Amino acid sequence: NAGVTQTPKFRVLKTGQSMTLLCAQDMNHEYMYWYRQDPGMGLRLIHYSVGEGTTAKGEVPDGYNVSRLKKQNFLLGLESAAPSQTSVYFCASRRTSDVGRQYFGPGTRLTVT
Amino acid sequence: EDKVVQSPLSLVVHEGDTVTLNCSYEVTNFRSLLWYKQEKKAPTFLFMLTSSGIEKKSGRLSSILDKKELFSILNITATQTGDSAVYLCAVEAVYGGSQGNLIFGKGTKLSVKP
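Respectively, the protein sequence lines represent chains P and L. Counting in the numbering used here, the first sequence runs without a single skipped number right up to 113 at its last residue. Counting in the numbering used here, the second sequence runs without a single skipped number right up to 1114 at its last residue.
Take the hints with a grain of salt, since some may be wrong.
Stated by the list, open to error - Okay, derived cross-link-like pairs now, DSS-like style, lysine-lysine, Cα gap no bigger than 27 angstroms in a straight line:
no.: 1; chain 1: L; residue 1: K1041; chain 2: P; residue 2: K9
no.: 2; chain 1: P; residue 1: K9; chain 2: L; residue 2: K1037
no.: 3; chain 1: L; residue 1: K1067; chain 2: L; residue 2: K1057
no.: 4; chain 1: P; residue 1: K57; chain 2: L; residue 2: K1041
no.: 5; chain 1: P; residue 1: K57; chain 2: L; residue 2: K1106
no.: 6; chain 1: L; residue 1: K1041; chain 2: L; residue 2: K1067
no.: 7; chain 1: L; residue 1: K1113; chain 2: L; residue 2: K1003
no.: 8; chain 1: L; residue 1: K1041; chain 2: P; residue 2: K71
no.: 9; chain 1: P; residue 1: K9; chain 2: L; residue 2: K1067
What the hints contain is simulated information worked out from the structure, not anything from laboratory work. These figures come from a predicted structure and were not determined experimentally.
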């Protein structure tokens, strides 16, 4: 099992450009999450999904959109990148029965200039 | 507003020392508290605690939860340089059914000197 994988690992964008981050998991988990991690801020939840075809907003959803067309994939989109979106993005997943515990991907480091 | 506060934010010790990391929380609809270790990349799971007063142990690491006083501690004995990492505390808040979201503290950065 690869677990949770993220693509790409690094990316540099110019202000106003768009991009999509891909998260994939091969553990058949129902729940998937997108977080951002900034220095001194801990991990903050952007969006999450409780199953295929469903998404919901987290703590810091503005400027991001998500889609979960397939159970194993969770996409995070930035329509018009801003320097404030410079961050490390982590995807996570968990089973419905696995109370609390989430499995994290390796992260994507995004810089917006 | 739900919040999780970790202390200290950073800590430098020498190999062989024992350290205690603290996590306090104010969260409605608490279900569980989790500790993760993060060494540059993905956070890796250490412990999950749901019941008060029951210690979880794994080798030199142990953790306990006090649901009355709303805090948890993570102890590391006989520290090694490989313990250097950021330790994250997260509390799961439940919003109905099985859906729960994790609220993270800012982390404690532990540096272990040889």
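Hint check:
1. About 11 angstroms separates the Cα atoms of L/K1041 and P/K9, which keeps this hinted pair within 27 angstroms; it holds.
2. Straight-line distance between C-alpha atoms of P/K9 and L/K1037 comes to about 20 angstroms, which keeps the hinted pair within the 27 angstroms bound.
3. For a cut-off of 27 angstroms, the pair hint linking L/K1067 to L/K1057 stands: about 18 angstroms separates their Cα positions.
4. A C-alpha spacing of about 24 angstroms is found between P/K57 and L/K1041, which places the hinted pair at or below 27 angstroms, so the restraint holds.
5. In summary, the hint linking P/K57 to L/K1106 is supported, as the alpha carbons are separated by about 21 angstroms, within the 27 angstroms threshold.
6. Between L/K1041 and L/K1067, the direct Cα distance comes to roughly 30 angstroms. Violation of the 27 angstroms bound is thereby established for this hinted pair.
7. Restraint check for L/K1113 and L/K1003: not satisfied, since their Cα atoms lie roughly 31 angstroms apart, outside the 27 angstroms limit.
8. Distance check on the hinted pair: L/K1041 and P/K71 sit about 24 angstroms apart at the alpha-carbon level, within 27 angstroms; holds.
9. Of the pairs offered as hints, the one joining P/K9 and L/K1067 is violated, with about 39 angstroms between alpha carbons and a cut-off of 27 angstroms exceeded.
Violated hints, in rising order: 6, 7, 9; the structure is consistent with all others.
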